[in-house]
Every structure is written in structure tokens, then in C-alpha cells.
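Single-letter residue listing:
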Amino acid sequence: MMNIEEIYKSIASQQGWQAKYRQIMLLGKQLPNFPEPLKTEEARVSGCESKVWLHLAWDESTGCLVVIGDSDTRIVKGLLAIILAFYNGKRSDEIHTSDVITVFKELDLIQHLSPSRGNGIHAIQKAIVHFSQDS
Amino acid sequence: MFDVNAIRAQFPILSRTVHNNSLVYLDNGATTHKPLNVIEKEREFYLQNNANVHRGTHFLSANATAQYEAVREILADFLQVQSRELVWTKGATESLNLIAHGLTPLLQPNDIILISELEHHANIVPWQQLALRTGAVIKAIKVNRKGCIHYERAVAQIQNLKPKIVSICHASNGLGNILPIESLIREAKAIGAITVIDGAQSFAQIRPNLRELDCDFYVASAHKAFGPTGVGLLFGKYELLNEMPPYQCGGEMIDKVTISHSSFNQAPSKFEAGTPNIAGVIAFGEAIKFISSIPFEEWTAHKKDVFNTLISEMQTIEQVELYGDLNDNIGTVSFTVKNQHPIDVATLLDHHGIAVRTGHHCNQPLMDALAISGTIRASIAIYNTVEEIDHFIFALRDVISLLEE
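Chains as they are written, first to last, in my numbering: chain R, 1 to 135; chain E, 1 to 405.
None of these hints come from the bench; they were simulated from the model. Just so it is clear, CB atoms sit at the ideal spot from N, CA and C, and this is done for glycine as well. Each hint should be verified, as a subset may be incorrect.
Taking lysine-lysine pairs in the DSS-like style, the calculated list, with each CA pair at most 30 angstroms apart, reads [said to hold, decoys possible]:
(1) E:K338 / R:K20
(2) E:K142 / E:K237
(3) R:K39 / E:K338
(4) R:K39 / R:K126
(5) R:K105 / R:K29
(6) E:K256 / E:K146
(7) E:K237 / E:K256
(8) E:K146 / R:K51
(9) R:K20 / R:K90
(10) E:K189 / E:K90
(11) E:K338 / E:K90
(12) R:K51 / R:K29
(13) R:K29 / E:K142
(14) R:K51 / E:K142
(15) E:K303 / R:K51
Not close to chain E: a few residues of chain R, all C-beta gaps over 10 angstroms, as computed [as the list claims (entries may be wrong)]:
(16) G63
(17) I68
(18) R74
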């Protein structure tokens, strides 16, 4: 898997919206397999019209976040890959002092941040931040 | 002579671009755009005529009241009913809630309320609440796997269940099907049921004659008929309407108030508590004039032309599955693309400048009946063109090939 800097470059270097979405969907395809039994109602992120599941834990030896996820749509799954790469391996204090939303703004993926029910980037980001606050 | 370009010229928003492409607006089932005469009327009201209605003896108030009530007359004429049978609400949803609330005293435990699986949530949930209050039971006319109701079975359900209330849509918002409401209303009346028609999708498209339909209630929203948001209508046969208890209480709707007791005005005033959306109602009058300015035969001929192009082109795309009744249809096509999520398709179509709707369209029971989670819905209005359909089909093919890479 690419790290967040590599992902950022791989999207920013694309010419035109088709190429950009092709790359985003490719990132989604490269996400590690998300086990079917983990796709429970509790794992669902509410506030997304597409289905999004997250499974979050802390790596006890390093104190860093381990998060995996999946979506039933190709584009949201690709956007999820960006979010997961951003937050994976961060400590709780790092999660609170950084914000993946700025990455979306810089990549001109702003339409995916609108409060319409169709997409849930904010909802996914909030679910991760809440997890890190609560635990 | 019908000239779609002359009509388009009345809708400034249609000339804008989205993501550097010409806008192709195919989300008319959600809301239509507004012609200039509607926009200008609303603006003119606030610039020149603003005042509250039904009170005050001054010039502006009398003028605002006259304009506001004149639209009730225009609407009465359009629907072929009496103006006192028309209540202004904030939308079809509020109209349905008002009716479901108002019929509470008429229901006994185990009385049946019959709806259909095609209904919008607004024509389901208020009845569920009514059922909770009264002990009544909700039953639904079933659809087949394409989302069409079986007419004979629907009639049999009416005859066997003997519902107290039959509340069905004139046309499905999710699929566009036009229901055979003329005969369903007749069957329902034969067993003494109260009939409610959700006309949100049919008002502008079908221009129903309510005297001929003979339903007890009919509801619609102005914003789906080229008018402003926040205005709806409720028709009720006068005696039935006037018998219902008030829905909201306050100013406007009262006859006499003491600290301990109030008596209410007669309908429609009884149901119009508080200051209404005066500017919206007055502007809606212009929307009705816009609809009426186009002869109905020309209107339906143009829409059929565009719709038939849409359907025949979509049928050439092998990954596409179409739902609903494609013959008796208001101009809405609901579809899925094999192996693709509707949101992915719609997100990429948006970059081509194409506005469609995805999801369950406030039709979750219908989606359950079709065993799908949602569809992509393209819904056309009078200003859409065959060229726009060509653009849409080109974009859809492009999107499918990108998704299938």
C-alpha cells in the first residue's frame, strides 16, 4: 500500500477528472480485504448513503491507530483509502492535531465534502476522530 | 406551434454550466426549475406589494390579499374545483399530514388504510402514525418485480379488505408509473372508502380534472410544478374537509378567542393558521399560468418524444436494467447498471454536467419489493430536449466504460 504522500501525488498528478477518478477507484481496489463477518451494523458508519464499514483498534506495542474499512461503492471506497492511509499509524494526539479534510480540499475533491446525504467523508472522518477520543 | 427553445429561454438556469459542461437537468422529479415569470412575480411582491394578508384595512394588505386569493381561484379553475375546497400548505407532505391528522376521529381499531408499495414515504408514515393513534391497520397494494401494480389484484384487495381510506399516488415518484386511479377511485368509492390522491408527480404532468376523478382529497407541491418551494396545496371535498379538526392552531384560523375557549373559522381558513407563504403562493399563480400557456396535447407530445428517445436509447445499453411501467409514465425512468453502484454512476455523470437522482427516492418499501437498494432516476420536464438525452446517453456509456475498467 502507498502511504498518504504517495497517494496524494498519484491523484494530484492526474490530468482531467476521468483520470483522477480512475486513480481513486484503483486505490479502492488496492485496499486490503475487509472480512465479511466484520460488516456488521455496529461497524457501519451512519450518515453515508453508500455503505461504509470501519474496524478500529490501537496497536498496543506502538500506541498507533490500526483502521481498516470497506464500502459498497467504488468511488467512496477509493476516498476511504485516502482517509485510511492518512490516519493509519497515527497516535491519538496526532489524530487530533491533523485533519484529512484539508487533503480533500487540496485535491479538489470538495464535492465529496458537501453535507448532502450522498457521501459521507465527514462522517467517516468523525467516526475515526471519535474513536480516538473515546479510547 | 410548440418550440422547446422558446420554453428553455424562460428558464435562465438551463443555460448554466456544471463542471465546465452544459447542464443537463434530469432531476425534475425532485424539483423543477422556475420560469422567469415566477421568479419575477416573487421579486415584485417583495419590491412593490409586500404586506400581510387577511388583516388590516390599508392599501397594501388589501392588495396582497386580493392577489393571494386570486391564485386560489386560478388553482380552482385549473383543477376544476371550488376555491373554498383548496387549502394552502407548505407542500404535499404537509397536506398529507394534515389529512391523516384530520381523519383521526373517523377511524376505529382494525379499520384498514390501503396504500400501495409505490408510495413516497410522505404517503406512508403519516398513515402509520394515524394507525398508531387509532388502532387502524395499514395494507399495501403489491407491485411486481418491475414495480408495476396488477390492476385486477388491486381491485380485489379493495373489494376484499374494504378499507376506510385508500391513499395512493397518481404517479410514482420513484418509477414514473401512472396509476389507473380513475377506476381505483371508483372501486374505492363503491365500498365507501375515503380516497386520497398524492398528486406530487402528476399535478403539472397530467393536469387532473378533480371533478371527473371524484377523489375526496388531492395533494401536490408547487415546487415540482415550476413554482416556488414551501408552497403546497390540499384539495378536499368541502363537507369532508370542513368536518376535519384543525391541524395547527393560531392566528388566521380562528373565529372567536377567549382565554379558555376558541371557535374556528370555516375551511379553508380553518387550516391556514399563521402567516402563509404569501409571495410563494402569488408566484405559484404564475407557474400555473406557465403550465396552462402550453396546450396539453403539445405538452404530452413533446414529453413523449423525449421520453421515448430516452427509453429506446437506454434499451441499447446492455448493462442497464429499467424498472417501472414504460408506457403509462410521466417521463421518469429508474434504472440500475449491472455490477455498479448507483452512487458511482451518478457521481461520474455529474462531471458530465448531468443531474440525476440516486438512492431509494423516499421509496424504501418499493426498493424492498424490487429487492434492490436503490436506483438511478432520470426524470424529464417540458424543457428537456432530445439533444440532452443524446448527451446523457453518451455520458452514461462513457461512465459505464470507466467503471468497468
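Verification of the supplied hints:
no., hint, result
1, E:K338 / R:K20, "holds, 23 angstroms"
2, E:K142 / E:K237, "holds, 28 angstroms"
3, R:K39 / E:K338, "holds, 23 angstroms"
4, R:K39 / R:K126, "holds, 19 angstroms"
5, R:K105 / R:K29, "holds, 23 angstroms"
6, E:K256 / E:K146, "violated, 54 angstroms"
7, E:K237 / E:K256, "holds, 25 angstroms"
8, E:K146 / R:K51, "holds, 25 angstroms"
9, R:K20 / R:K90, "holds, 26 angstroms"
10, E:K189 / E:K90, "holds, 28 angstroms"
11, E:K338 / E:K90, "violated, 39 angstroms"
12, R:K51 / R:K29, "holds, 16 angstroms"
13, R:K29 / E:K142, "violated, 39 angstroms"
14, R:K51 / E:K142, "holds, 28 angstroms"
15, E:K303 / R:K51, "violated, 36 angstroms"
16, G63, "holds, 36 angstroms"
17, I68, "holds, 20 angstroms"
18, R74, "violated, 5 angstroms"
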